[in-house]
Every structure is written in C-alpha cells, then in structure tokens.
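> Knowing the structure of chain D, use the given hints to seat chains L, X, A, P and B on it.
Here the protein sequences come in this chain order: D, L, X, A, P and B. The letter at position 74 of the first sequence is residue 95 when you use the working numbering, and the numbering goes up by one with no holes. The letter at position 33 of the second sequence is residue 54 when you use the working numbering, and the numbering goes up by one with no holes. The letter at position 70 of the third sequence is residue 91 when you use the working numbering, and the numbering goes up by one with no holes. The letter at position 76 of the fourth sequence is residue 97 when you use the working numbering, and the numbering goes up by one with no holes. The letter at position 71 of the fifth sequence is residue 92 when you use the working numbering, and the numbering goes up by one with no holes. The letter at position 17 of the sixth sequence is residue 38 when you use the working numbering, and the numbering goes up by one with no holes.
In short, the hints are calculated from the structure, not lab data. It cannot be assumed that every hint is accurate.
[To be verified] Calculated lysine-lysine pairs in the DSS-like style (CA-CA distance at most 27 Å, straight line):
{"id": "1", "chain 1": "B", "residue 1": "Lys54", "chain 2": "D", "residue 2": "Lys54"}
{"id": "2", "chain 1": "A", "residue 1": "Lys54", "chain 2": "P", "residue 2": "Lys54"}
{"id": "3", "chain 1": "P", "residue 1": "Lys54", "chain 2": "B", "residue 2": "Lys54"}
{"id": "4", "chain 1": "D", "residue 1": "Lys54", "chain 2": "L", "residue 2": "Lys54"}
{"id": "5", "chain 1": "L", "residue 1": "Lys54", "chain 2": "X", "residue 2": "Lys54"}
Protein chains: 6
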Amino acid sequence: MDAVTLVPNNSLLTATPEEGRQLAVRMSRLIVKATQPDAQIREQLREVYASDAAMLLAVTHTVAIEFATIAAANNYWR
Amino acid sequence: MDAVTLVPNNSLLTATPEEGRQLAVRMSRLIVKATQPDAQIREQLREVYASDAAMLLAVTHTVAIEFATIAAANNYWR
Amino acid sequence: MDAVTLVPNNSLLTATPEEGRQLAVRMSRLIVKATQPDAQIREQLREVYASDAAMLLAVTHTVAIEFATIAAANNYWR
Amino acid sequence: MDAVTLVPNNSLLTATPEEGRQLAVRMSRLIVKATQPDAQIREQLREVYASDAAMLLAVTHTVAIEFATIAAANNYWR
Amino acid sequence: MDAVTLVPNNSLLTATPEEGRQLAVRMSRLIVKATQPDAQIREQLREVYASDAAMLLAVTHTVAIEFATIAAANNYWR
Amino acid sequence: MDAVTLVPNNSLLTATPEEGRQLAVRMSRLIVKATQPDAQIREQLREVYASDAAMLLAVTHTVAIEFATIAAANNYWR
Numbered sequence: 022m023d024a025v026t027l028v029p030n031n032s033l034l035t036a037t038p039e040e041g042r043q044l045a046v047r048m049s050r051l052i053v054k055a056t057q058p059d060a061q062i063r064e065q066l067r068e069v070y071a072s073d074a075a076m077l078l079a080v081t082h083t084v085a086i087e088f089a090t091i092a093a094a095n096n097y098w099r
Numbered sequence: 022m023d024a025v026t027l028v029p030n031n032s033l034l035t036a037t038p039e040e041g042r043q044l045a046v047r048m049s050r051l052i053v054k055a056t057q058p059d060a061q062i063r064e065q066l067r068e069v070y071a072s073d074a075a076m077l078l079a080v081t082h083t084v085a086i087e088f089a090t091i092a093a094a095n096n097y098w099r
Numbered sequence: 022m023d024a025v026t027l028v029p030n031n032s033l034l035t036a037t038p039e040e041g042r043q044l045a046v047r048m049s050r051l052i053v054k055a056t057q058p059d060a061q062i063r064e065q066l067r068e069v070y071a072s073d074a075a076m077l078l079a080v081t082h083t084v085a086i087e088f089a090t091i092a093a094a095n096n097y098w099r
Numbered sequence: 022m023d024a025v026t027l028v029p030n031n032s033l034l035t036a037t038p039e040e041g042r043q044l045a046v047r048m049s050r051l052i053v054k055a056t057q058p059d060a061q062i063r064e065q066l067r068e069v070y071a072s073d074a075a076m077l078l079a080v081t082h083t084v085a086i087e088f089a090t091i092a093a094a095n096n097y098w099r
Numbered sequence: 022m023d024a025v026t027l028v029p030n031n032s033l034l035t036a037t038p039e040e041g042r043q044l045a046v047r048m049s050r051l052i053v054k055a056t057q058p059d060a061q062i063r064e065q066l067r068e069v070y071a072s073d074a075a076m077l078l079a080v081t082h083t084v085a086i087e088f089a090t091i092a093a094a095n096n097y098w099r
Numbered sequence: 022m023d024a025v026t027l028v029p030n031n032s033l034l035t036a037t038p039e040e041g042r043q044l045a046v047r048m049s050r051l052i053v054k055a056t057q058p059d060a061q062i063r064e065q066l067r068e069v070y071a072s073d074a075a076m077l078l079a080v081t082h083t084v085a086i087e088f089a090t091i092a093a094a095n096n097y098w099r
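With the rest of the complex left out, here is chain D:
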C-alpha cells in the first residue's frame, strides 16, 4: 500500500460539508486501491458493487463512518 496516497492533501480539513463528503468517498476508495493495487481488477469489482444493492449499502456505511471523522475534525463546519 506504500505507494498510494491515502489522505488527499494530507489533511482532514475542508472548506465545506460538501467537500468533506467528497473526501470521505475518496478516502474509502483509496483504501480499496491500497488493498487491491491492480486497476483492472478494481474496475471489475466496481461494476460488481455498483450493481448490487447490498454492496451499495455497504458503501454508504463506510462513507458514513469516514464522514463522521471528517465532520468532527472540522467541528461540523458550524
């Protein structure tokens, strides 16, 4: 996993909730990339989970957890 950047810009701080949400999505995808470095296999798997209801729900689950951390880091953009 060493060659993959796991946290874009090396920061959890974002200007807005929207950007925080995008970061949550990116960070979870980068873990997939670090765990499965082969881009072609990842592309195939992506088609699998994007067309499977249970897996799409699993995606929302992980993003929710990542976002909780990012939101706390940004004091919820209050």
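Same frame as chain D, but now just chains L, X, A, P and B:
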C-alpha cells in the same frame, strides 16, 4: 461522483431532529447515487432492498450512523 | 418517505434511559417504514427478521447505534 | 415490545466496568426479546447463533457498541 | 454468562496502547466465551473464523470498536 | 496473539493524517495476524479478500473505524 451534490444545502445544521433525520436519509441515498449514476439501475436496486429484510436493516444501520453525525453537529437540538 | 414522521415528538430528549431505548427502537423502525411504505410487505418482512438469528442480531446492532446518539443527547441521564 | 423492560434498573450507571459489560450484554438481549417475544423461538435461535462463528462475531460487534455508550455514561470508570 | 469474567482486572485503563489493544482482543473473546460456554465448540469455531477471510475481517471490525472505547478511556495515552 | 506487536511504536500519535491512515491499515492487519498466525494461510486469504468486492468494502469499514480513533487521538491534526 463529481456531478452529484452530496450534502443538500451544503450544511449539516437543521432546525429540528425531524429535519436532521431526513437529511441523514438523503445523504446516504446521495452516496448511492454517486456510486451508481444510472437512475434506472438504482430504481431496480431500490425495489430489491425495499423488499429484503436484511437489506432494510442495512439501510437503518447506515441512517443511524449518518444521523449520529448530524445530531452531534446540531448539539442534539437541545 | 415524506409522509412518515421519522422522530416521534421531534425530539431526542427523554425522561429516562428506558424511554430513550424505546425511542431508539421506534426511530429505526420508522426508517424501515419510510423505505418500505407498504404495511403488508413490512409485516411479512418483520416475520422474516424476527425468526432469523442473524437478522435479529442486525436489529440489535442498529438499535445500539441509535441509542448511542440518544444517550449522548440526554447526557446519559446522569 | 411494550411489555419488555429494555434497560434494567432504568440506568446506564454501574459501579464497575464488569457490571457495565454485563449490562451491555443484557441490553442487547432485551432488544432480541422485544423483537421476538416468543421465548421458545428465541431459545432455538440462541442455539443457532451460539454455534455459528459469524453470528458469534456479530454478537461481539453489538455488545461492543452498547458497551461504548455505557462506558461513556460512566466516564469510563476512571 | 454469569461465571465468565468479562473485563480482565475490572478496568479499562492500561499503561500503553499495546496493552489497550490486547485488552480489546480479550474483551471481545470473552463475549464469545460468555455466549458459547462450551470450550470445545469455541475451539472448532475459532478454526472456522481464523481460516475465513470475511470472518477475520469481522474480527478486526469488533476489535476496532472495542479499542475505540478503551482508547477514549485512556485519553488516547497522550 | 502474544508474540505479535499490535500497535507499531506503541503509540497512536502520528505526525500527519497520512501516517495516521497508514497506522489504521497496519493495526487492522495486525489483528488478522494475531488471529491467524500462519503467514501462508494469511497470504491465501489476502488474495481472497483483495479480489472480492464485498470483502474489500469490509476492509474499508474496519479501517474507517480504526482511523476514527487515531484521528481523535491526534486531535484531527488541526
């Protein structure tokens, strides 16, 4: 996912718990939309998970996590 | 989901832990109701998950997360 | 679920971590009881999940979440 | 579950993160022990989940949650 | 699990979010190592979960939880 708005109104702050709960549901659905941009496929998958007990429970799970973040952002509307 | 009330009394505050726990159960069920508006289908699915060990465990999981939020909202009724 | 007591002693406060842990186990079981009121069915399902590795892991998962709430309520018994 | 000690030393406080992590592993295993008291069955199930990728991931999941609580209890050993 | 170091450097503190994220990945893998000490079996299981969409999502899930703890420990590197 770039064209999908992930956080409606770009804010986690809502007037009431009810609105916070609605936001939690919307935010998790928007992640599905960003992951599976094809509206027709999403509609089919929606029928799948809305009729499957285990997947409905998975929906409640994700909403619970999203709501935890939104509730904290709003100081629990105390 | 628009017609379903998602947060009874529009508040996370309860007098006691027992009431907070009941609220956690109700809130998770209301998400099921909002996702599957057909009462008859819900009743069938309810029989499914109430008789399946893995799904019952999934119910406990979601309730635990909802309760964590409600307990924090109420300062743990200390 | 109305007849089932969901929080023993109606309190999250316990004298020790050990008692807090026992409370976490009890609270998750009471959700099972409230969802499946038939004691005989529960006994059968209990044998199922106690003999299934994946379900035992699911039990540990829920207890961990319940315990997190109880531990916070008790300021971690520091 | 009454005869099983659920929290070794009846405390969440540890001298180091390493010891906190060990405690997280032990506490989740003690829930398995309390739920399935038969040591022989536990040993069989252990071989099952230690050789199954999905179950090993489930183990990491529960340990992560237990550790979150223990780390907070110890103010993250800062 | 006694011979496996579970927390590299015995600390949750890291200089940057990137390093914190790497630590989250390592800590979850060390739990796998402690649970399945046989390196050859681990290698086989790794190929399994790295090529399975659902399991990759499970990896992102656990890493998200571990990272939440590490991020809190580091005050989110603010």
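> Now tell me, hint by hint, if it's right for this structure.
Going through the hints against the structure:
Our distance criterion of 27 Å between C-alpha atoms is met by lysine 54 of chain B and lysine 54 of chain D, whose separation comes to about 21 Å. Of the supplied pair hints, the one linking lysine 54 of chain A and lysine 54 of chain P holds, its CA atoms being roughly 21 Å apart against a limit of 27 Å. Our distance criterion of 27 Å between C-alpha atoms is met by lysine 54 of chain P and lysine 54 of chain B, whose separation comes to about 21 Å. For the hint linking lysine 54 of chain D to lysine 54 of chain L, the alpha-carbon distance of about 21 Å falls within 27 Å, and the restraint holds.
A C-alpha spacing of about 21 Å is found between lysine 54 of chain L and lysine 54 of chain X, which places the hinted pair at or below 27 Å, so the restraint holds.
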